[in-house]
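So the protein sequences, as listed, match chains A and B. If you read the first sequence in the numbering used here, its first letter stands for residue 2, the second for the next number, and so on. If you read the second sequence in the numbering used here, its first letter stands for residue 2, the second for the next number, and so on.
Take these hints with a grain of salt, some might be off.
[Said to hold, decoys possible] Stretch-level coverage of chain B by chain A, calculated; a stretch enters the list once three of its residues show a Cβ under 8 Å from a Cβ in chain A:
| no. | region |
| --- | --- |
| 1 | 38-46 |
| 2 | 131-140 |
| 3 | 151-162 |
| 4 | 186-193 |
| 5 | 332-339 |
[To be verified] Residues on chain B that point at chain A, a partial pick, calculated with CB under 10 Å:
| no. | residue |
| --- | --- |
| 6 | Thr49 |
| 7 | Glu145 |
| 8 | Ser306 |
| 9 | Asp309 |
It is worth saying that the hints were derived from the structure and are not from the lab. Remember, it's a predicted structure, so these values are computed and weren't measured experimentally. The C-beta atom is built at its ideal place from N, Cα and C for all residues, glycine as well.
There are 2 protein chains.
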Amino acid sequence: MRVGIARERLRGERRVAATPETVTQLTALGLGVLVEAGAGTESGHSDTSYTDAGATVVPLLTPGDVEIFCHVRPLTPEFAGTLRPGTVTLGLASPASELATVAALAASGVTAFALELVPRISRAQSMDALTSQSLVSGYRVVLEAAIRFPRFFPLYMTAAGTIPPARVLVLGAGVAGLQAIATAKRLGARVSAYDVRPASADEVTSMGGTFVNLDLDAVEGAGGYARELSEDRAVRQRELLAPYVAAADVMITTAAIPGRAAPLLVTHDMVTAMRPGSVVIDLAAETGGNVEGVLTGQDTQVPTSAGDGFVTLVGMQDAPSTMPADASRLFAKNVANLLALMTADGAVTPDFTDEVVAGACLTHDGTIRHEPTAAAVAAAVTGEN
Amino acid sequence: MRVGIARERLRGERRVAATPETVTQLTALGLGVLVEAGAGTESGHSDTSYTDAGATVVPLLTPGDVEIFCHVRPLTPEFAGTLRPGTVTLGLASPASELATVAALAASGVTAFALELVPRISRAQSMDALTSQSLVSGYRVVLEAAIRFPRFFPLYMTAAGTIPPARVLVLGAGVAGLQAIATAKRLGARVSAYDVRPASADEVTSMGGTFVNLDLDAVEGAGGYARELSEDRAVRQRELLAPYVAAADVMITTAAIPGRAAPLLVTHDMVTAMRPGSVVIDLAAETGGNVEGVLTGQDTQVPTSAGDGFVTLVGMQDAPSTMPADASRLFAKNVANLLALMTADGAVTPDFTDEVVAGACLTHDGTIRHEPTAAAVAAAVTGEN
Numbered sequence: 002m003r004v005g006i007a008r009e010r011l012r013g014e015r016r017v018a019a020t021p022e023t024v025t026q027l028t029a030l031g032l033g034v035l036v037e038a039g040a041g042t043e044s045g046h047s048d049t050s051y052t053d054a055g056a057t058v059v060p061l062l063t064p065g066d067v068e069i070f071c072h073v074r075p076l077t078p079e080f081a082g083t084l085r086p087g088t089v090t091l092g093l094a095s096p097a098s099e100l101a102t103v104a105a106l107a108a109s110g111v112t113a114f115a116l117e118l119v120p121r122i123s124r125a126q127s128m129d130a131l132t133s134q135s136l137v138s139g140y141r142v143v144l145e146a147a148i149r150f151p152r153f154f155p156l157y158m159t160a161a162g163t164i165p166p167a168r169v170l171v172l173g174a175g176v177a178g179l180q181a182i183a184t185a186k187r188l189g190a191r192v193s194a195y196d197v198r199p200a201s202a203d204e205v206t207s208m209g210g211t212f213v214n215l216d217l218d219a220v221e222g223a224g225g226y227a228r229e230l231s232e233d234r235a236v237r238q239r240e241l242l243a244p245y246v247a248a249a250d251v252m253i254t255t256a257a258i259p260g261r262a263a264p265l266l267v268t269h270d271m272v273t274a275m276r277p278g279s280v281v282i283d284l285a286a287e288t289g290g291n292v293e294g295v296l297t298g299q300d301t302q303v304p305t306s307a308g309d310g311f312v313t314l315v316g317m318q319d320a321p322s323t324m325p326a327d328a329s330r331l332f333a334k335n336v337a338n339l340l341a342l343m344t345a346d347g348a349v350t351p352d353f354t355d356e357v358v359a360g361a362c363l364t365h366d367g368t369i370r371h372e373p374t375a376a377a378v379a380a381a382v383t384g385e386n
Numbered sequence: 002m003r004v005g006i007a008r009e010r011l012r013g014e015r016r017v018a019a020t021p022e023t024v025t026q027l028t029a030l031g032l033g034v035l036v037e038a039g040a041g042t043e044s045g046h047s048d049t050s051y052t053d054a055g056a057t058v059v060p061l062l063t064p065g066d067v068e069i070f071c072h073v074r075p076l077t078p079e080f081a082g083t084l085r086p087g088t089v090t091l092g093l094a095s096p097a098s099e100l101a102t103v104a105a106l107a108a109s110g111v112t113a114f115a116l117e118l119v120p121r122i123s124r125a126q127s128m129d130a131l132t133s134q135s136l137v138s139g140y141r142v143v144l145e146a147a148i149r150f151p152r153f154f155p156l157y158m159t160a161a162g163t164i165p166p167a168r169v170l171v172l173g174a175g176v177a178g179l180q181a182i183a184t185a186k187r188l189g190a191r192v193s194a195y196d197v198r199p200a201s202a203d204e205v206t207s208m209g210g211t212f213v214n215l216d217l218d219a220v221e222g223a224g225g226y227a228r229e230l231s232e233d234r235a236v237r238q239r240e241l242l243a244p245y246v247a248a249a250d251v252m253i254t255t256a257a258i259p260g261r262a263a264p265l266l267v268t269h270d271m272v273t274a275m276r277p278g279s280v281v282i283d284l285a286a287e288t289g290g291n292v293e294g295v296l297t298g299q300d301t302q303v304p305t306s307a308g309d310g311f312v313t314l315v316g317m318q319d320a321p322s323t324m325p326a327d328a329s330r331l332f333a334k335n336v337a338n339l340l341a342l343m344t345a346d347g348a349v350t351p352d353f354t355d356e357v358v359a360g361a362c363l364t365h366d367g368t369i370r371h372e373p374t375a376a377a378v379a380a381a382v383t384g385e386n
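Kindly produce the complete structure, drawing on both the sequences and the hints.
What follows is the structure in structure tokens.
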């Protein structure tokens, strides 16, 4: 069977779903690999490097060329509509928001796997793209903060006086938040962090951060993810966070709720209470933002309430794509590992009795297998009528 | 006596020669301080913060307002020509290149102190602006590299495989180079460094770097600075460096020779032999560059010789000004400390029997006191006739 790797079409997307390293892995499984010309350029992989690894480079990859189609970003409904029945697709699918694509995949009879749905069990860690890409985002967001911050992160004791370390506050201590804590700590900052999940306190501490303990009830949803707060508790949370925000030089927000808009953690007034020169990076900008007024893909200079300067508010966009080489290295491995789990004797044959395969499957044989998505698609269709 | 702090006029210069902290220090010495409106804005200091510290903020600072004039960038010949005899100036003066200004300062009867000429003795460390600003540049240059590098700096061992650390090569191990080594190391890179001065090997090692030992004779000039190599030895040095450059993911060049153009350490061919995605940052771009083809203030995408991608070549400009808050904090302390050395009973009265005062003095009483500069100005005048 043949696996196709397309050049990503979305503007700003620089990753690729296979590297020469994973091409070698896939061909060793007996699969043929077709790579669209230029697919790896932004990640540092020339067409020649794919050919050398055993792939066939084609000028344009069409759905008829392959039985398995690997991608980074969710497919468009139009493209999904052109896929042949029985085609296997594998990549990010944003099932909660890309309902039209999900419906088209089901209608086309495609067996679609969404990397977002890979169960968070230890056997599936090597296929967990949310984790691998959050590692990139969490590291990157600290560099983005440091490059905009008019001061040092580390403490320096110099002949001309002592420079205190930057105070970094991280909100949301998932994979990206923990990685942000670790990276800011590496750079020498004094780091504190907050998460609604009390279980994250130990993780924050182990990364070198100080856990901010607010006097709020614990909130933890299924699978270790955060779940939504009631509005009055969200207000109380913001009130309790305000003094920590005001004391921070750099704030990084990473709070996400799967399938929902990002929670509003920081109001405009909380930002304006910060000192001039402070930097706020909102990693959740693309899903609505943790910070009021954030604009995706843009820096905003927010005047301080004291009138003595500005806070730089950054709406991060496409964070993993800013480091396409290592982001693709990990993503491609996630894809190849999931594919390897389903491949025997050169053929991809998903075994739905396997909890990872079953969990990651979004559509199969004309139906939407992921129940919350099926319900959302049904609701959307009803709403339209 | 009154000290004047002007808003810097040079485009791209964001530092200021006094902070509210040093205003307090200067007023405690009995000096009056006049600050031009907006002088500290880019460094995060409002006019109000200067007033609160005891300064008088004036809309426009004119030479007649003050007896002492502190600045960051070298003055223009025009401005120097307007200063009254006996005025004391204090700031960076670039005496080797700004000959017209030096001549104008002498002609105006100004007592000018150049921070570049502060002797490198331990008593004068707190006045050493070259060192304090190089600390900023050395830290900053690593952030500039990391933000352009498509991979991580640190080693990561993840479920989807191990990511090796970035290999960073630093050429020139002065204050900026050592700080670059330390910062790259903090971020988790594997760092090696080279300097023509063998004495720097221990310093490189103490910062966590591996010293690159080339089979070249040692070269060390006066005061611990590097001096120029003969052309055939410079060629040999480049040949010996080539394999280290080719193996690096990130190269940072910081080699400077006081009063001279920066030495050419890396040829175009050495850059094109690097891997695609590699990043080269030339901190010496403003003085001619250590890397062939570098453009000051610009990123250049240099095609690799293998044709598989590009190396990003960055000509750093105004590095300390990219972090104006902490750069100004240190610079202003250097200025205030030198001024304090010359101040008694509210009056600035330079004591030329003090080795620091005498060493830092560029012009006084109508003459150019720094002999190499006096010779250069005389040669320039002769050349013009």
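Hints, verified against the model:
1. 38-46: As far as the region 38-46 of chain B goes, the hint holds, because 3 residues have Cβ atoms under 8 Å from chain A.
2. 131-140: n = 5 at 8 Å, threshold three: holds.
3. 151-162: holds (count 9)
4. 186-193: Contact hint for the region 186-193 of chain B vs chain A: holds, 3 residues under 8 Å.
5. 332-339: holds (count 3)
6. Thr49: 7 Å, holds
7. Glu145: 7 Å, holds
8. Ser306: Because about 13 Å separates B/Ser306 from the closest Cβ in chain A, which is outside the 10 Å limit, the hint is violated.
9. Asp309: With Cβ-Cβ at 4 Å, under 10 Å, it holds.
Of the numbered hints given earlier, the model fails hint 8 alone.
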